[in-house]
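S.K.: This is what each chain is made of:
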Amino acid sequence: MDTNSLPCRTETAFPRLGFLEKSSDTRHIPEGTKMEMPLWLAKGLYERKRRVLSVELPKVYREGWRTVFSADPTVVDLHKMGPYYYGLGSQLLHFHNPENPEIAQAVLQTFIGRFRRTMDAAQNAYNEDTSALVEPLDSLERALFKVGQNGLNAFQRWETGRASHLTASSLVLNYRKRKITDL
Amino acid sequence: MDPSEVEFLSEKEIVTIIPNFSLDKIYLIGGDLGPFNPGLPVEVPVWLALNLKQRQKCRIVPPDWMDVVKLEEIRDQERKEETFAPIPSPYYMELTKLLLNHASDNIPKADEIRTLVKDIWDTRVAKLRLSADSFISLQEAHAKLDNLTLMEINTTRMFLLDSLNYMYKLRTNMHPGSDAARSQDY
Numbered sequence: 001m002d003t004n005s006l007p008c009r010t011e012t013a014f015p016r017l018g019f020l021e022k023s024s025d026t027r028h029i030p031e032g033t034k035m036e037m038p039l040w041l042a043k044g045l046y047e048r049k050r051r052v053l054s055v056e057l058p059k060v061y062r063e064g065w066r067t068v069f070s071a072d073p074t075v076v077d078l079h080k081m082g083p084y085y086y087g088l089g090s091q092l093l094h095f096h097n098p099e100n101p102e103i104a105q106a107v108l109q110t111f112i113g114r115f116r117r118t119m120d121a122a123q124n125a126y127n128e129d130t131s132a133l134v135e136p137l138d139s140l141e142r143a144l145f146k147v148g149q150n151g152l153n154a155f156q157r158w159e160t161g162r163a164s165h166l167t168a169s170s171l172v173l174n175y176r177k178r179k180i181t182d183l
Numbered sequence: 001m002d003p004s005e006v007e008f009l010s011e012k013e014i015v016t017i018i019p020n021f022s023l024d025k026i027y028l029i030g031g032d033l034g035p036f037n038p039g040l041p042v043e044v045p046v047w048l049a050l051n052l053k054q055r056q057k058c059r060i061v062p063p064d065w066m067d068v069v070k071l072e073e074i075r076d077q078e079r080k081e082e083t084f085a086p087i088p089s090p091y092y093m094e095l096t097k098l099l100l101n102h103a104s105d106n107i108p109k110a111d112e113i114r115t116l117v118k119d120i121w122d123t124r125v126a127k128l129r130l131s132a133d134s135f136i137s138l139q140e141a142h143a144k145l146d147n148l149t150l151m152e153i154n155t156t157r158m159f160l161l162d163s164l165n166y167m168y169k170l171r172t173n174m175h176p177g178s179d180a181a182r183s184q185d186y
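These protein sequences, in sequence, are chains A and B.
The first sequence maps to residues 1 to 183 in the numbering used here.
The second sequence maps to residues 1 to 186 in the numbering used here.
Note that these hints are calculated values from the structure, not bench results.
Possibly wrong hints are sitting among the right ones.
As the list claims (entries may be wrong) - Here are the simulated DSS-like cross-link-like pairs (lysine-lysine), alpha carbons at most 27 Å apart as the crow flies:
no.	chain 1	residue 1	chain 2	residue 2
1	A	LYS43	B	LYS169
2	A	LYS146	B	LYS118
3	B	LYS169	A	LYS80
Just chain A, same shape as in the assembly:
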């Protein structure tokens, strides 16, 4: 999650750190440069009072996309928008943006809107290829989907009676030790 690059704008100069800025060859990074920074670096450098850098919101969290989410959250392919929509959204709230309350609200409402779809997909897809269902889900939703699938699989396994059926572990089968019958 922290390796996502955020577009930032430096508010003060960074002397002798020109090598961080890949697009230009200057020795220093002058004030007002737009560059990409990983989240962890931006979070560490950000300070409200000293104005070291200001962070721009990625497209997904801006006004335009927020109205899309409030209209119908289920159609959006959240995995393409950055697989950590919820996580990054929560972290962005650190940066004291004036739009913070709306961002927090939008992230929460998106989750609530998509919950039904995730629940139905997880609880009904038994023994079939789920890659088409999982594709538009964000990583948080994928974790939830996996938990739901586990619950469903355990129940189905019990119902068909395979829960008490002893099977050789897949590790042992793959290791292909010699069996008594081979000797």
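Use these hints to put chain B onto chain A, whose structure you have.
M.R.: Using the frame of chain A, we list chain B on its own:
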């Protein structure tokens, strides 16, 4: 919790059998099991009934509710109402599976009973999902559901708890409080 564990808990329920052997009263830690006389019905826990049946020492009498007419009534009631109807046994799913697998010769119309119980299960689980969805979308703080069985709760437990946890974390974002109090994840 594993479904096998729920099945284990259900084996404590009492069922009537008709033994074909005789034995004096036995005193177990859980309670006494009455004297066994061939041809006379006696009440025992399900685990003992299944064991005796597998050794061909008894005949199992199906419980009162395991009857096509009664189950049809329950199924229709379940479909009509929006809340969960009271069901005759808190372990209906497990008992159906166990008794129909081991003693289907003693139970009349076993296949129909299996289908009816599956219908009742599907209706109840659908109601459970609907209620979970409205719980989350209305962001309620607490909900009360009567007449749910352990097996139904068990299938959705992990999923519901995890989603409620994530939702809680997203909600606390709206009221940050102090930055130091917020944890590193989400």
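S.K.: Can you list which hints this structure breaks, lowest number first?
M.R.: Hint check: nothing fails, all pass.
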